[in-house]
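K.L.:
First to last, the sequence lines map onto chains A and B.
The first sequence maps to residues 1 to 343 in full-length UniProt numbering.
The second sequence maps to residues 1 to 328 in full-length UniProt numbering.
Simulated from the structure, these hints should not be mistaken for laboratory data.
Small disclaimer: the values here were computed from a predicted structure and weren't measured.
Accuracy of the hints is not assured; some may be wrong.
[As the list claims (entries may be wrong)] Computed spacing ranges between beta-carbons, pair by pair:
#1 B:Leu6 with A:Leu153: 37 to 43 Å
#2 A:Leu66 with B:Asn190: 52 to 58 Å
#3 A:Phe63 with B:Val123: 57 to 63 Å
[Unchecked claim] Computed footprint of chain B on chain A, listed as stretches where at least three residues anywhere in the stretch have a Cβ under 8 Å from a Cβ of chain B:
#4 39-45
#5 255-266
#6 297-305
#7 319-332
Glycine included, every Cβ here is placed at the ideal spot set by N, Cα and C.
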Amino acid sequence: MPGAAAETDELAREVAEAESGPQLEDKRTGRSPGQIAWHRLKQDKVAIVCTMVVLFFVLVAIFAPLLTSLQAVDPVTGAKADPGTIHTELVDLNGFPKQGITSAHWLGVEKGIGRDLFARWVYGARPSLVIGFVAAALSTIIGVTMGLLAGYLGGVVDRIISWVIDFFLSLPFLLIVIAATPIIELRFGARGTLTAEQTSNIRFWLIIALLVLFGWMGLARLVRGEVVSLREREFVQAARAIGVPTRHILFKEILPNLVGPIIVSASIAVPAYITAEATLSFLGAGLVEPTASWGRTIADAQNSFQSYPLWLWPPVIGISALVLALSLLGDSIRDAFDPTTRR
Amino acid sequence: MLTYILRRLGLAFTVLMATLVSAFLLFFAGPADPAQAMCPEQRCSPARLAQIRESLGLDRPLPVQFTEYFSGLFVGRDIPYAGDTIHCSAPCLGMSFLTKRPVSEEIFSRFPATVLLTAGVVVIMVIVGVLIGVLASTVRGTALDRILIGGSQVFGAIPYYVMALIFALYTTRFHSIFPQAGSMSEGLLNFLPGLIAPWLILGLVSATGYTRYTRNSMLDSLSMDYVRTARSKGITERKVVGKHALRAALSPVVTILGLDIAALLSGTLVTERIFEIDGIGKLSLDALGRDDLPIILGTVLVTAVIVVTMNLIVDIAYSFVDPRVRLS
Numbered sequence: 001m002p003g004a005a006a007e008t009d010e011l012a013r014e015v016a017e018a019e020s021g022p023q024l025e026d027k028r029t030g031r032s033p034g035q036i037a038w039h040r041l042k043q044d045k046v047a048i049v050c051t052m053v054v055l056f057f058v059l060v061a062i063f064a065p066l067l068t069s070l071q072a073v074d075p076v077t078g079a080k081a082d083p084g085t086i087h088t089e090l091v092d093l094n095g096f097p098k099q100g101i102t103s104a105h106w107l108g109v110e111k112g113i114g115r116d117l118f119a120r121w122v123y124g125a126r127p128s129l130v131i132g133f134v135a136a137a138l139s140t141i142i143g144v145t146m147g148l149l150a151g152y153l154g155g156v157v158d159r160i161i162s163w164v165i166d167f168f169l170s171l172p173f174l175l176i177v178i179a180a181t182p183i184i185e186l187r188f189g190a191r192g193t194l195t196a197e198q199t200s201n202i203r204f205w206l207i208i209a210l211l212v213l214f215g216w217m218g219l220a221r222l223v224r225g226e227v228v229s230l231r232e233r234e235f236v237q238a239a240r241a242i243g244v245p246t247r248h249i250l251f252k253e254i255l256p257n258l259v260g261p262i263i264v265s266a267s268i269a270v271p272a273y274i275t276a277e278a279t280l281s282f283l284g285a286g287l288v289e290p291t292a293s294w295g296r297t298i299a300d301a302q303n304s305f306q307s308y309p310l311w312l313w314p315p316v317i318g319i320s321a322l323v324l325a326l327s328l329l330g331d332s333i334r335d336a337f338d339p340t341t342r343r
Numbered sequence: 001m002l003t004y005i006l007r008r009l010g011l012a013f014t015v016l017m018a019t020l021v022s023a024f025l026l027f028f029a030g031p032a033d034p035a036q037a038m039c040p041e042q043r044c045s046p047a048r049l050a051q052i053r054e055s056l057g058l059d060r061p062l063p064v065q066f067t068e069y070f071s072g073l074f075v076g077r078d079i080p081y082a083g084d085t086i087h088c089s090a091p092c093l094g095m096s097f098l099t100k101r102p103v104s105e106e107i108f109s110r111f112p113a114t115v116l117l118t119a120g121v122v123v124i125m126v127i128v129g130v131l132i133g134v135l136a137s138t139v140r141g142t143a144l145d146r147i148l149i150g151g152s153q154v155f156g157a158i159p160y161y162v163m164a165l166i167f168a169l170y171t172t173r174f175h176s177i178f179p180q181a182g183s184m185s186e187g188l189l190n191f192l193p194g195l196i197a198p199w200l201i202l203g204l205v206s207a208t209g210y211t212r213y214t215r216n217s218m219l220d221s222l223s224m225d226y227v228r229t230a231r232s233k234g235i236t237e238r239k240v241v242g243k244h245a246l247r248a249a250l251s252p253v254v255t256i257l258g259l260d261i262a263a264l265l266s267g268t269l270v271t272e273r274i275f276e277i278d279g280i281g282k283l284s285l286d287a288l289g290r291d292d293l294p295i296i297l298g299t300v301l302v303t304a305v306i307v308v309t310m311n312l313i314v315d316i317a318y319s320f321v322d323p324r325v326r327l328s
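Hey, can you work out the whole structure from these sequences and the hints?
P.N.:
Set out below in structure tokens:
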């Protein structure tokens with residue numbers, strides 16, 4: 001097999017490094033699984049490229065106002081573009097933009113109401129990233145806590161948590177979320193009493209809440225399984241025997257052993273949540289105007305794609321590149337933590 | 001064995017009951033007011049709203065409504081509407097506020113479209129996934145392997161709906177490479193051609209997971225002793241891969257498939273919206289836009305039943321194959 005020699009080399013190098021411990025002062029200690037994974041990840045070209053792509057989008061999101069202000073002053077409106085202002089004077093009677101790409105509108109303007117598409121594109125990176133990372137962080141915390149409790153306490157607690165996991169897993173996620181969103185929204189005010197901005201804000205946090213509510217079970221199940229086997233190991237029993245409090249055992253003794261699977265699961269969750277947000281926005285149950293969102297823009301632009309493809313393509317490329325980079329990065333992280341992977 | 005199956009059945013039952021109760025509470029005890037949505041005028045007077053609520057039976061106490069709904073599931077019931085009575089036979093999921101037809105009728109009339117869509121997707125997914133997976137495993141470590149696996153990774157990582165949308169826009173609407181979806185009511189021959197495009201895109205995207213899964217499973221079984229034995233006996237490589245290794249590699253793939261079909265059935269929502277196929281997904285999305293609560297509740301329940309049943313079948317089948325499962 002052609003890969004065998006390279007594998008042996010890699011193995012030998014890893015063993016040699018583990019023995020000499022290049023990053024560690026104490027030569028007797030080996031590297032932790034986290035260190036090995038980090039080392040592998042740094043050598044993974046795909047992971048590095050993907051990290052740069054993700055960083056690019058994070059920078060775009062952070063500096064969205066600055067990027068928008070780089071565009072020239074529009075001679076017609078006499079002002080610089082921003083993501084929210086409607087300029088019907090920039091479109092003709094059929095709704096088509098009077099001009100294509102100009103120095104004032106790098107990606108042209110929206111059909112119909114003439115908002116600047118470049119500004120909406122850079123601002124559109126914000127909700128995607130915030131929802132993806134916040135929902136992943138929250139669902140990871142809940143999943144880990146539930147898994148630890150179920151696995152360590154066992155008995156009735158385990159049975160209840162396992163049942164709740166089964167329950168949530170059997171619900172059709174997309175359908176429930178789409179159905180529940182308008183209903184929950186009504187809790188905050190009757191139809192027509194909320195301003196567009198309020199609705200948009202409610203939707204934003206509602207999406208995060210629903211994604212977390214339906215996203216913690218996988219990790220909880222995984223952590224539970226690991227904890228059930230770790231619970232009986234000697235070091236945990238020893239800790240228990242000398243009277244270490246339960247909370248300390250859970251977070252200081254057991255949790256460090258689960259860092260790998262938790263990081264892997266969180267890194268795979270981020271692109272999944274970003275996709276879910278864009279899908280919901282596309283189906284009409286996600287973000288609403290005036291928040292700039294790639295999913296919304298795609299939904300609006302799809303009907304004019306023949307006459308005005310420039311409206312559709314930037315958000316399509318944006319969401320695809322971001323999710324692709326995050327997914328491949330997640331795969332790389334999983335491979336880096338997996339001791340059986342040999343590449 | 002029997003206790004395991006019974007326990008698993010009990011779990012499935014309680015999960016379904018909880019789904020029913022929580023979905024009912026969410027939709028009927030929640031702040032959504034179907035009367036408001038059904039009001040034909042721009043703003044209805046409170047008296048008109050009360051009249052609509054009464055005609056739908058929404059003014060009665062919640063436990064009464066729930067008991068009625070629950071018993072209707074098993075024995076059917078008569079639904080009074082505007083002086084008339086509509087009979088709804090078991091399993092009765094209520095009556096659509098808009099079409100005034102029983103929900104179960106609406107759902108079952110759309111069911112064949114979704115099933116046909118899913119069936120075609122499963123066929124493409126399994127054939128393409130397994131073929132490419134096996135091919136990649138036999139050329140392991142070469143450039144072809146990297147192209148196949150890398151390609152499936154990239155293809156599978158792009159958000160599905162974006163890919164399906166672009167595919168639909170450019171192959172069915174912009175250029176008529178594939179026919180657009182027809183209506184199921186105009187006969188099967190009218191309907192099936194419209195499924196080619198969604199079959200292809202959903203099948204190929206879903207196949208990416210199977211490609212990687214089959215490849216890993218094949219690599220495991222190719223490294224087994226019996227494969228070495230087969231090779232040493234001088235059997236052709238084709239037979240070694242196709243018969244000895246593949247058979248062992250397929251059983252975990254089949255398990256995943258059972259779980260995936262349930263997810264696919266409920267996950268055709270986006271596909272049906274994009275390709276405008278008259279299935280369950282489109283039915284529920286349309287109902288959402290019009291606050292037709294009984295339809296939404298019905299589709300949620302039916303999909304939950306499908307998911308739970310499939311999980312149950314896979315679990316029980318698996319416990320026959322692998323006795324360790326029963327003990328956990």
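K.L.:
Are the hints correct? Go through all of them and say.
P.N.:
Each hint, compared with the structure:
no. : hint                              : verdict
1   : B:Leu6 with A:Leu153: 37 to 43 Å  : violated (25 Å)
2   : A:Leu66 with B:Asn190: 52 to 58 Å : holds (55 Å)
3   : A:Phe63 with B:Val123: 57 to 63 Å : violated (48 Å)
4   : 39-45                             : violated (count 0)
5   : 255-266                           : violated (count 0)
6   : 297-305                           : holds (count 3)
7   : 319-332                           : holds (count 7)
In this structure, the earlier hints numbered 1, 3, 4 and 5 are contradicted, and the remaining ones agree with it.
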